[in-house]
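Enquirer: With the hints as constraints, model all of the structure from the sequences given.
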Amino acid sequence: MLIKRSPNGIDLPFPSEITPRAVFENRRAFIRQMAAGSIAGGALLEMLSREAFAQGVNPKLAAKRNPALSAQDKPTAYHDATHYNNFYEFGTDKSDPAENAGTLRPRPWTVSIEGEVRKPLTLDLDALLKLAPLEERVYRLRCVEGWSMVIPWVGYSLSELIKRVEPTGSAKYVEFISLADRKQMPGVASRVLDWPYTEGLRLDEANHPLTLLTLGMYGETLPNQNGAPVRVVVPWKYGFKSAKSIVKIRFVRDMPRTSWNRSAPSEYGFYSNVNPAVDHPRWSQASERRIGEDSFLSRKRKTLMFNGYDVASLYTGMDLKKHF
Amino acid sequence: MTPTPKQLAAIKVAVFVLALVPLARLVWLTLAGALVEPLQFITRSTGDWTLYFLCIALAVTPLRRLAKWNWLLKLRRMVGLFAFFYALLHFLTFLWFDHFFDVAGMLKDVAKRPFILVGFIAFVLLIPLAVTSTNAMVRRLGGKRWQWLHRLVYVVAPLGVLHFWWMKAAKHDLAQPMLFVAIVALLLGIRVWWARKKQTPARAGVVQQ
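Quick note, the sequences are listed as chains F and A, same order.
Counting along the first sequence from 1, when you hit position 105 you're at 105 in the working numbering, and nothing is skipped either side.
Going from the second sequence to the working numbering is simple: count from 1 and add 324.
What the hints contain is simulated information worked out from the structure, not anything from laboratory work.
Each hint should be verified, as a subset may be incorrect.
[Unchecked claim] Straight line, CA to CA, 30 Å or less: simulated BS3-like cross-link-like pairs of lysine-lysine:
#1 492/A with 322/F
#2 522/A with 322/F
#3 94/F with 468/A
#4 398/A with 468/A
#5 521/A with 321/F
#6 495/A with 321/F
#7 432/A with 322/F
#8 322/F with 495/A
#9 64/F with 321/F
#10 60/F with 94/F
#11 94/F with 522/A
#12 183/F with 495/A
#13 432/A with 302/F
#14 64/F with 74/F
#15 522/A with 398/A
#16 495/A with 302/F
#17 336/A with 302/F
#18 248/F with 495/A
#19 163/F with 60/F
#20 492/A with 183/F
#21 492/A with 302/F
#22 398/A with 336/A
#23 330/A with 321/F
#24 432/A with 321/F
#25 436/A with 94/F
#26 495/A with 172/F
#27 94/F with 248/F
#28 163/F with 183/F
#29 432/A with 521/A
#30 398/A with 521/A
#31 330/A with 398/A
#32 94/F with 336/A
Just so it is clear, the structure is predicted and the values come from calculations on it, not from any experiment.
Expert: If you want it as structure tokens, here you go:
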């Protein structure tokens with residue numbers, strides 16, 4: 001057997017490179033399907049052929065792993081990462097996005113990049129896919145609700161896009177605006193949030209190499225429920241900072257009012273950095289449960305500052321209890 | 325409609341078995357590995373069922389009066405005890421799976437996050453009701469005092485709903501909590517209305533001027 005060494009000398013068994021997705025993705029899902037099958041006999045074959053043994057439902061994306069920016073944690077099973085989601089445009093339950101996101105049409109899709117930039121752009125999906133070489137990066141994802149996952153994303157640093165539009169000197173923040181189409185997104189009919197979903201980053205955060213403009217996961221294009229066809233991923237912040245199904249990226253002078261911040265300013269600050277020292281009123285942030293890995297019978301694992309990412313220099317001199 | 329003693333016994337068994345279905349369901353789903361995050365499901369489901377049973381227990385008296393089904397009273401203790409049972413599971417889930425029996429950490433959590441404190445108070449107030457639910461305790465306390473004590477449920481139910489409301493509040497997902505508010509308000513409101521009517525019987529026939 002050929003053993004590949006990664007350039008940094010650490011052997012990273014990266015499932016999507018070794019085994020077809022269908023096989024590596026989940027022993028758990030398989031067991032689950034067996035369990036389901038044992039109740040509903042006939043459903044077994046159908047489920048197995050559809051989910052476990054058929055190749056991925058989403059088109060493949062060729063991407064080279066970037067080991068320098070990848071966590072060594074074991075990736076979460078594909079089934080868990082695609083069936084336990086917060087995506088309120090499709091409903092507020094974790095199982096709603098997987099059930100309801102089938103109505104989203106990720107193609108054709110355009111993203112307009114505008115505001116304080118010298119070269120505003122409107123890019124379609126193919127242009128986005130070709131803008132820079134695609135990389136595969138394994139990131140930890142920490143939800144403000146106290147659970148975490150590890151996901152192999154596909155994309156490139158958002159900075160690649162930023163440098164092409166040439167922000168002016170007055171651009172201080174980047175605002176991400178998600179699609180809010182009632183026809184495609186049943187959850188938009190309810191007023192749980194002010195639509196469209198809006199998120200934002202400071203320009204230097206957006207330019208950080210870890211900030212990923214994301215077009216895929218697990219070697220394929222993004223499933224609808226995970227923010228197809230294009231989202232950002234900011235791994236040192238709580239998951240809700242990573243806007244999904246983005247249609248507009250605006251460069252602005254003033255700090256944008258984000259959806260969650262508007263909804264409950266005392267609970268969701270602009271920065272939303274993973275910070276075990278700052279609790280949310282409803283969820284302690286001191287510890288977390290890794291989905292699919294930590295059993296609920298075991299003690300939760302300690303949450304790391306900035307989710308374990310070395311980004312403290314972005315916040316030098318700031319009181320992170322005040323700027324939470 | 326009044327069931328015979330035999331029928332009543334059968335109804336009791338049926339209610340008992342039905343009341344265990346939510347527990348059986350969550351044990352089955354957990355063991356089958358059907359849940360991506362069992363902790364959340366167990367926490368939610370035990371909390372939900374506590375509120376359902378509290379509402380059912382509170383609905384017994386109004387139903388008994390309106391439908392003249394006095395025999396319903398014979399089921400109330402069991403329903404109330406199931407409310408306590410699911411509340412206990414809810415609390416144990418918090419203490420065990422969330423805090424791993426780290427009592428200091430749990431107390432810190434309770435003090436820091438008001439919605440947990442409210443739920444905790446509601447749970448503590450349920451304990452004397454569960455403890456005094458036996459016939460022997462009713463006799464020991466005397467009917468009047470026993471009844472007075474068990475009116476604590478009028479405090480427990482709103483606290484439980486407040487706990488749920490608060491938990492959901494900042495997610496702006498209030499459809500379910502609002503439904504509970506409506507039901508508990510109706511069940512307590514009807515009692516207030518009856519109590520007022522009883523206090524002023526003389527006015528009952530007076531035409532308002």
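Enquirer: Give a verdict on every hint.
Expert: Here's how the hints hold up against the structure:
1. 492/A with 322/F: 24 Å, holds
2. 522/A with 322/F: 56 Å, violated
3. 94/F with 468/A: 48 Å, violated
4. 398/A with 468/A: It holds: about 18 Å lies between the C-alpha atoms, which stays within 30 Å.
5. 521/A with 321/F: 55 Å, violated
6. 495/A with 321/F: 22 Å, holds
7. 432/A with 322/F: The given pair, whose Cα atoms are some 21 Å apart, holds under the 30 Å limit.
8. 322/F with 495/A: Holds. Residue 322/F to residue 495/A sits at ~22 Å (cutoff 30 Å).
9. 64/F with 321/F: 38 Å, violated
10. 60/F with 94/F: Cα-Cα ~25 Å, so holds.
11. 94/F with 522/A: The given pair, whose Cα atoms are some 49 Å apart, is violated under the 30 Å limit.
12. 183/F with 495/A: Answer holds: residue 183/F to residue 495/A is near 23 Å, not above 30 Å.
13. 432/A with 302/F: Holds, because 16 Å separates the two Cα atoms, which is no more than 30 Å.
14. 64/F with 74/F: Holds: residue 64/F and residue 74/F sit about 18 Å apart, inside 30 Å.
15. 522/A with 398/A: 25 Å, holds
16. 495/A with 302/F: 25 Å, holds
17. 336/A with 302/F: The hint is violated at about 47 Å.
18. 248/F with 495/A: At roughly 24 Å apart (the allowed maximum being 30 Å), residue 495/A and residue 248/F satisfy the hint.
19. 163/F with 60/F: Given pair residue 163/F, residue 60/F holds - Cα atoms ~27 Å apart, limit 30 Å.
20. 492/A with 183/F: At roughly 27 Å apart (the allowed maximum being 30 Å), residue 183/F and residue 492/A satisfy the hint.
21. 492/A with 302/F: 25 Å, holds
22. 398/A with 336/A: 9 Å, holds
23. 330/A with 321/F: Between residue 330/A and residue 321/F the Cα gap is close to 65 Å, so the pair fails against 30 Å, i.e. violated.
24. 432/A with 321/F: 18 Å, holds
25. 436/A with 94/F: Holds: residue 436/A and residue 94/F sit about 26 Å apart, inside 30 Å.
26. 495/A with 172/F: Measuring from Cα to Cα gives roughly 29 Å; hence the hint holds.
27. 94/F with 248/F: 26 Å, holds
28. 163/F with 183/F: This hinted pair is violated, its Cα atoms lying about 34 Å apart.
29. 432/A with 521/A: Violated, at roughly 46 Å.
30. 398/A with 521/A: Roughly 26 Å separates the two Cα atoms, so the pair holds.
31. 330/A with 398/A: With Cα atoms ~13 Å apart, residue 330/A and residue 398/A stay inside 30 Å; holds.
32. 94/F with 336/A: 36 Å, violated
Figure legend: structure checked against the earlier numbered hints; hints not met, in rising order: 2, 3, 5, 9, 11, 17, 23, 28, 29 and 32.
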